[in-house]
Every structure is written in C-alpha cells, then in structure tokens.
Amino acid sequence: MNSLPNQPTTGTMVLLLFYCGDLDPDITEANLYDKFSQAGPVASIRVCRDVVTKRSLGYAYINFQQAIDAERALDTMNYELIKGRPMRLMWSQRDPSLRKSGVGNVFIKNLDKSIDNKSLYDTFSVFGNILSCKVATDERNTSKGYGFVHFETQEAADQAIQKS
15 MNSLPNQPTT GTMVLLLFYC GDLDPDITEA NLYDKFSQAG PVASIRVCRD VVTKRSLGYA
75 YINFQQAIDA ERALDTMNYE LIKGRPMRLM WSQRDPSLRK SGVGNVFIKN LDKSIDNKSL
135 YDTFSVFGNI LSCKVATDER NTSKGYGFVH FETQEAADQA IQKS
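Heads up: the sequence shown begins at 15 in my numbering, then just goes up one per residue.
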C-alpha cells in the first residue's frame with residue numbers, strides 16, 4: 015500500500031496531491047477526471063502542457079478531497095491503462111532536497127527487455143514503500159535495460175540491494 019506521506023497544507027486543508035505520469039500526449043483533464051473520480055471526489059486536475067504548443071508533457075497532478083480516496087486511487091489504479099498507456103502514479107514530492115539527496119534510490123541494471131514499470135514495482139515493493147519506480151526507455155518506448163527505484167527509506171533500499 016502507498017502510505018500517505020507528509021503532505022503540504024494550505025490553511026486547514028491538506029493537499030492530497032499526486033503525480034500521474036507516462037500519459038498519452040493527447041490526454042485531457044476530462045479523461046483523467048473520468049478515470050480518477052471512480053476512486054472518490056476529485057478536488058482538481060492539472061495536465062502540464064508545453065507553453066507554446068499547449069500539448070501535454072505527459073504528466074499531470076491530481077488532487078483529491080479525502081486522503082482515503084487518494085490512497086485508494088494510488089493503490090488500485092497505478093499502471094492501469096488510460097488511452098492505451100499504463101499511467102504511473104506516486105505522491106507528489108514537493109521537497110526537491112529529498113528527490114535530489116539520493117537517499118533511498120536504487121539503480122537496477124541488466125533488466126530483461128520484457129520488464130516494464132509495473133513488473134519492476136511489483137518485484138521491489140516487497141522491500142518497502144516505493145515513492146517512484148521507472149524503467150528507462152527510448153523514443154520507441156523500448157526498455158534500455160536499466161531502471162530506478164526510489165524507496166521511502168534508505169533501509170528499504172539497502173535491503174533491496176542486499177537481497178537482489
């Protein structure tokens with residue numbers, strides 16, 4: 015289960031924001047609303063777009079009204095198909111120091127070309143809560159044979175390294 019991390023607040027409202035990536039370039043807010051409203055009331059959706067072309071950059075931010083609904087979406091919809099592509103979900107990490115620190119990050123090499131984001135996630139989730147998981151791909155979406163897993167704790171990352 016994707017446990018709820020410390021989330022930023024605005025006044026008394028907790029922002030239950032998560033990142034939704036690997037999206038089709040033609041994805042719309044309406045597509046995402048239709049998908050995520052199945053998990054519960056959605057407060058807002060923002061598809062990030064190129065400033066000039068207004069075309070989707072392939073990711074969006076989803077904000078739920080209730081923590082239970084956000085957790086349900088992350089637990090049940092991660093890697094589900096939308097417009098024919100598996101979407102990758104994770105809590106939005108607003109603190110750049112955590113993202114850039116390297117704490118909890120594991121680089122995995124020599125991956126079989128059949129390994130995708132979901133199978134990498136499923137394989138490594140036994141070691142601890144995963145904040146982010148990604149197989150590197152080329153412009154044709156073919157695996158480059160390596161990937162990254164970002165664990166919530168260094169201990170989980172160490173365990174994954176020792177047992178893999």
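No lab work stands behind these hints, which were simulated from the structure alone. Accuracy of the hints is not assured; some may be wrong.
[Said to hold, decoys possible] Pairwise CB distance ranges (calculated):
{"hint": "1", "residue 1": "K68", "residue 2": "Y47", "range": "30 to 36 Å"}
{"hint": "2", "residue 1": "E43", "residue 2": "T156", "range": "26 to 32 Å"}
{"hint": "3", "residue 1": "A81", "residue 2": "D126", "range": "20 to 26 Å"}
{"hint": "4", "residue 1": "E169", "residue 2": "V65", "range": "20 to 26 Å"}
{"hint": "5", "residue 1": "K132", "residue 2": "D64", "range": "32 to 38 Å"}
{"hint": "6", "residue 1": "F121", "residue 2": "A81", "range": "28 to 34 Å"}
{"hint": "7", "residue 1": "R99", "residue 2": "Y160", "range": "16 to 22 Å"}
{"hint": "8", "residue 1": "S106", "residue 2": "D38", "range": "31 to 37 Å"}
{"hint": "9", "residue 1": "C62", "residue 2": "Q168", "range": "28 to 34 Å"}
[Said to hold, decoys possible] Straight line, CA to CA, 20 Å or less: simulated PhoX-like cross-link-like pairs of lysine-lysine:
{"hint": "10", "residue 1": "K127", "residue 2": "K148"}
{"hint": "11", "residue 1": "K177", "residue 2": "K158"}
{"hint": "12", "residue 1": "K97", "residue 2": "K123"}
Quick reminder that beta carbons are idealized off the backbone N, C-alpha and C, glycines included.
Hint check results:
K68 and Y47 have their C-beta atoms about 18 Å apart, which leaves the hinted 30 to 36 Å range violated. At about 30 Å, the beta-carbon gap between E43 and T156 stays in the expected band of 26 to 32 Å. For the hinted restraint 20 to 26 Å between A81 and D126, the CB-CB distance of approximately 37 Å leaves it violated. At about 41 Å, the beta-carbon gap between E169 and V65 misses the expected band of 20 to 26 Å.
Range check, K132 to D64: about 27 Å between beta-carbon atoms, so the 32 to 38 Å window is missed. Range check, F121 to A81: Cβ separation about 32 Å, and the 28 to 34 Å hint holds. Between R99 and Y160 the CB atoms are about 21 Å apart, so this pair conforms to the stated range of 16 to 22 Å. Between S106 and D38 the beta carbons are some 20 Å apart, a value that contradicts the proposed interval 31 to 37 Å.
For the pair C62 and Q168, the beta carbons lie near 30 Å from each other, so the given range of 28 to 34 Å is met. With a C-alpha separation of about 13 Å, the suggested pair K127 and K148 falls inside the 20 Å cut-off, and the hint holds. A distance of roughly 23 Å separates the Cα atoms of K177 and K158; the hinted pair therefore is violated under the 20 Å criterion. Among the hinted pairs, K97 with K123 is inconsistent with the structure: their alpha-carbon atoms are about 29 Å apart, more than 20 Å.
Hint compliance for this structure: hints 1, 3, 4, 5, 8, 11 and 12 are not met, and every other hint is.
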